[in-house]
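**Student:** Sequence lines, in order, name chains S and X.
If you read the first sequence in our numbering, its first letter stands for residue 1, the second for the next number, and so on.
If you read the second sequence in our numbering, its first letter stands for residue 1, the second for the next number, and so on.
I should point out that these hints are in silico values taken from the structure, not numbers from a laboratory.
A virtual CB, placed ideally from N, CA and C, is assigned to each residue, including glycine.
Certain hints may be false.
Claimed, not checked - Here are the simulated SDA-like pairs of lysine to any residue, each with C-alpha atoms no more than 25 Å apart in a straight line:
id: 1; chain 1: X; residue 1: K60; chain 2: S; residue 2: I197
id: 2; chain 1: X; residue 1: K60; chain 2: X; residue 2: L13
id: 3; chain 1: X; residue 1: K90; chain 2: X; residue 2: E110
id: 4; chain 1: S; residue 1: K243; chain 2: X; residue 2: T11
id: 5; chain 1: X; residue 1: K115; chain 2: S; residue 2: V151
id: 6; chain 1: S; residue 1: K219; chain 2: X; residue 2: E110
id: 7; chain 1: X; residue 1: K2; chain 2: S; residue 2: I239
To be verified - Here are some chain X residues pointing at chain S (derived, C-beta under 8 Å):
id: 8; residue: L24
id: 9; residue: R29
id: 10; residue: E30
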Amino acid sequence: MNKTGKSFWALLADNAVPIVFIVISAIAIPLSGFSASYLVQELLVRIGRNSFLILSLLIPIMAGMGLNFGMVLGAMAGQIGLIMVSDWAIVGIPGMVLAMMVGTPIAAVLGVFCGSVLNRAKGQEMVTGYILGFFINGVYQLVVLYLMGWVIPVTNPVLLLSRGYGIRNAVSLIGIRGVLDNLIPVSFPFMGGVVRIPLATLLVIAAFCFFIVWFRRTKLGQDMRAIGQSQPVSDSAGIAVNKTRIIAIVISTVLACYGQIIYLQNMGTLNTYNSHDQAGMFSIAALLIGGASVSRASIANVFVGVILFHLMFIVAPMAGKNLIGQAQIGEYFRVFVSYGIIAIALVLHAWKRNRDREAARRSLRGPAGSPAKEAA
Amino acid sequence: MKTIMRFLQRTALLALLLALGTWLFYIGREHQIFLDNKSIERDGKNFRALEQVNVSVKSKSHGDAWGEPIELLARDRDVVVTVGPKFSLKAEILDSMGGDVERVIEITLEPGFQKDLMLSLPLLNAARGDFILPSPGGVPVPEEPAPAAEQAGNP
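Kindly generate the complete structure, drawing on both the sequences and the hints.
**Tutor:** Put into structure tokens, the structure is as follows:
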């Protein structure tokens, strides 16, 4: 009984964040007054829109590099691909694939750069990646605001600022809007409404999930897991730790590039100077809310996180409006609770890590009164 | 030997990717087709604008079916968007009263890598080969000032 009680509390403690969100959602959903079909439709759209970006975070976590805040680098590469494709007027699936092809080398180079920097800041990867995102944001702005149309050939007047160089604040992606989501049109009646499924997007995401499962079993995947467990031991075992870490970041950055393109094809508008800003923060928030930690994340965490995080996005403003009369209160509550919980998740992780380290250190000392101590 | 093989493999992969990119560019390109129904002079002859012509276009952007016909009166100019390396155009030339169809012209054009095309309908009606005119450029767009530093994504 005691053991059962302990495992229950351990389970509760391990899944505290998703449980809190489930409770909040359970209260907010009836208050919002939204129909079940509307909620399911919105959730399906948001799962399709965001899951790929969040899945791109899993590989660096596997390699023990924490949450890759540097994924915004990949998002920027994807946006550059989309700007070029918009300039060339390539539309539909070919446009989307071409944007990915343009973005891939940029994302790979940025990934190598990011990985190299993170190798020089071992143990501080998250904050380094976060600040690196700001630095590359400056470079991105230099390229997009000054070099495009001047050094980099961009000729479409719809994209260029009236001065002749630099890209406008908002770029319409009407040519690729929803091309993947609507590639295989499927809809079904659900509780009095009709729900459309972005089947092609979900299939791409499923393929990515299979890729991650397969990748974990490869030699490279096993190396990454070993590095995630212990870098000194992996190094002693002959694994090229630094190179493997760089590969993990390159894969994550390239996949984030694809994720951002999938995200923006759903949105249909590229906010040139801001779209990438929140990509990392929202993805990391969703993953943590799904029950992941800095050192452990699974595919299930991604989907639980997307559902819970975006459910809050959908219902909180209307719940606030219906409860207090102001939608802003609900939105404020959502932001407050969401990011507060992220902070708590990170603090809890740091606390647990320190506690585990302390326990490991104690176990090395051995029990009090051991022969070694008595001999001393 | 191993290095040479690796170099060759990488070169082949790069060439394959470039070929794929070029093919995507070719099949996914959107074209603005300007339809010009203004009087035009060629070889000292004046080709008068058509009284009324209905133009339909068939391309990937219309789901490979004939799109809604565009009605052009004399001195009109309109634009239609097509996707893909080729498109079909059907011009129904109406009599001066705008009632009966006098003639139907159907052609298939391949803009290929070109972005825009302008077609002279009077020259097309005269069955001349030089009915493709230089593109007038894109549609005018509203001006927008450069974003300020704080707008440009600074946190």
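**Student:** All hints are to be evaluated individually against the structure, with a verdict given for each.
**Tutor:** Now the hints, each set against the structure:
A hinted pair counts as satisfied when its Cα atoms are at most 25 Å apart, and K60/X with I197/S qualifies at roughly 24 Å. Simply put, K60/X and L13/X have alpha-carbon atoms about 30 Å apart, too far for the 25 Å limit, and the pair is violated. Between K90/X and E110/X the CA atoms are separated by roughly 15 Å; this keeps the pair inside 25 Å, and the hint holds. With a C-alpha separation of about 23 Å, the suggested pairing of K243/S with T11/X holds against the 25 Å cut-off.
Between K115/X and V151/S, the direct Cα distance comes to roughly 21 Å. Compliance with the 25 Å bound is thereby established for this hinted pair. As the CA atoms of K219/S and E110/X are separated by approximately 49 Å, the hinted pair breaks the 25 Å bound. With a CA separation close to 23 Å, the supplied pair K2/X and I239/S stays within the 25 Å bound. Hint on L24/X holds. Least Cβ distance to chain S is approximately 4 Å, under the 8 Å limit.
Taken as an interface hint, R29/X checks out: its beta carbon lies about 6 Å from the nearest beta carbon of chain S, inside 8 Å. Given hint, E30/X at the interface with chain S, holds; its Cβ is 4 Å from that chain's nearest Cβ, closer than 8 Å.
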